[in-house]
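Visitor: Spelled out, the chains give:
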Amino acid sequence: MTLISNLINGISLGSVYAIIALGYTMVYGIAKMLNFAHGDVIMVGAYISYLSTTALNVPPLLSVLIAMVVCTVLGVVIEGLAYRPLRKASSLAVLITAIGVSYFLQNAALLIWGSAPKSFSSIVPFDSISLFGGDLIITSEAIVTVITCIVIMILLNLFTKKGKMGKAMRAVSEDKDAAQLMGINTNFTISMTFAIGSALAAVAGVLLCSAYPTLTPTTGSMPGIKAFTAAVFGGIGSIPGAMLGGILLGVIEIFATSYISSQLSDAILFAILIIVLLVKPTGLLGKAVKEKV
Amino acid sequence: MLKVNDINVYYGNIHALKDISLEVHTDEIVALIGANGAGKSTTLKTISGLMRTKTGSITLMGEDITHTDAHKLVSKGLAHVPEGRRIFLQMTVLENLEMGAYTQPGYVKEGIKDIFERFPRLKHRKNQIAGTLSGGEQQMLAMGRALMSKPKLLMLDEPSMGLAPILVQQIFDIIKELHAAGTTILLVEQNAEMALRIADRAYVLESGRITISGTGKELAQSDSIKKAYLGG
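Order-wise, the sequence lines are chains A and B. Residues 670 to 962 (the working numbering) are what the first sequence spells out, left to right. Residues 1124 to 1355 (the working numbering) are what the second sequence spells out, left to right.
Treat each hint with caution, since some may be false.
[What the hints assert, rightly or not] Taking lysine-lysine and the PhoX-like style, the derived pairs with C-alpha atoms no more than 25 Å apart in a straight line are: (1) B:1273 with A:831; (2) A:830 with B:1246; (3) A:701 with B:1195; (4) B:1340 with A:845; (5) B:1199 with A:833.
Derived from the structure by calculation, the hints contain no laboratory data.
Model the full structure from these sequences, guided by the hints.
Guide: What follows is the structure, encoded as structure tokens:
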């Protein structure tokens, strides 16, 4: 039973990583940059949800929507102010800027909300499920997280395969100049990608803090880095890759924690990442693009 | 239709286009010929807004487009088939055509039908990933995709590049058909012989400057052109 219970916890944690990884991978696919501030957008989303439920007495579900709206705006503003002016700059300059934005968000949160941890109360209103006479307990958070992740994956897949904006995003991700020659506004498309990624980050933040209820200004940083790892693990730029990478990462982390050592779990995680990248440098589902001439 | 007036374009410190002026009148085929690196592609990129000129002006159908964003020019009737085709290799043939009609959402169905009539080979491959097409098919897709925006002025950059002679002939036949159907064409070519044969007028570019211009016939018979571009 512990095995199944660990597996469920792993998939649940992995689903959160997957939702965060989607933001990394979409932005990377389209803007060809690593948005290291993405993890901190998660933290902002969690704070907004926390504050709207505690200070404004907003119902939990509405607080998630508010967090999504705030994070969407935040993502678009970050892109417009920090990254857009660097569109033609070297990728190193953009990377350093992203790290700067990450610190800015953490310190702004520290200034506004203080360093004392907030205790986040779960937004999931129903009780955990107890099976086999209490041998196996599935938390309601785990169920909601996994379902949310599946729904997001299906919607995103439909959006990029069938939607006009989604197709435009794929076109921009493949060839910016050619996309412009089709009449696609690439700046707008990149903004939309940040908007979607940041809205997802808000959802991830709320789900993460519902399962692990301590909220501080650095809450988003470690899950952000792990989700980035998940995106690389699955093949950066690939949406199914981010999902697969996220879930695998969550399962590996929980298994390593419970069967090997909780202190070593992160080290084991990254060791596996290194091995995967040595064997398959493009990640699990990433493919090297071959051009036929 | 198109008027380019004294443009000067730089890549960093390199002065790529020097005082280029040219004109394309409605219903003409105008060819821009010249050696590798003469600035032919740069000229097209500057017209379509992918690159910027430091001086001078560009007008399209009387409207100043010197500083207009590339994506806004498509709905004004300008289509640019870039060098190397630049189709979306990971998207299907149909999706590529849909992207071509991005500014003409109402035209997608009719346009695709039109394109498949003109390029029957694309119809057989419509659900295939564009990266798996042959070179000739990719060129047809690139042209079809550009036509999906219902252009008034079509700019083609080296449509014959890398194609077998029989395909080159086909592509040029298609250009003539498009022209007969009322599309104005600005054609950049290294295959000067073919280009001059179908062009009403032509310009010769040499290291960023226009050195000679005239009707297609005049240039095809000029001795210096024969020597430099027509192999004798």
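Visitor: None of the hints should be skipped; say for each whether it holds.
Guide: Hints, verified against the model:
The hinted pair formed by residue 1273 (chain B) and residue 831 (chain A) meets the criterion: a straight-line CA distance of about 23 Å does not exceed 25 Å. Proposed proximity of residue 830 (chain A) and residue 1246 (chain B) is supported: the alpha carbons are some 20 Å apart, at most 25 Å. The suggested pairing of residue 701 (chain A) with residue 1195 (chain B) holds, with an alpha-carbon distance near 23 Å, which does not exceed 25 Å. Between residue 1340 (chain B) and residue 845 (chain A) the alpha-carbon distance is near 38 Å, which puts this suggested pair outside the 25 Å criterion.
A hinted pair counts as satisfied when its Cα atoms are at most 25 Å apart, and residue 1199 (chain B) with residue 833 (chain A) qualifies at roughly 21 Å.
Checked against the numbered hints given earlier, this structure breaks only hint 4.
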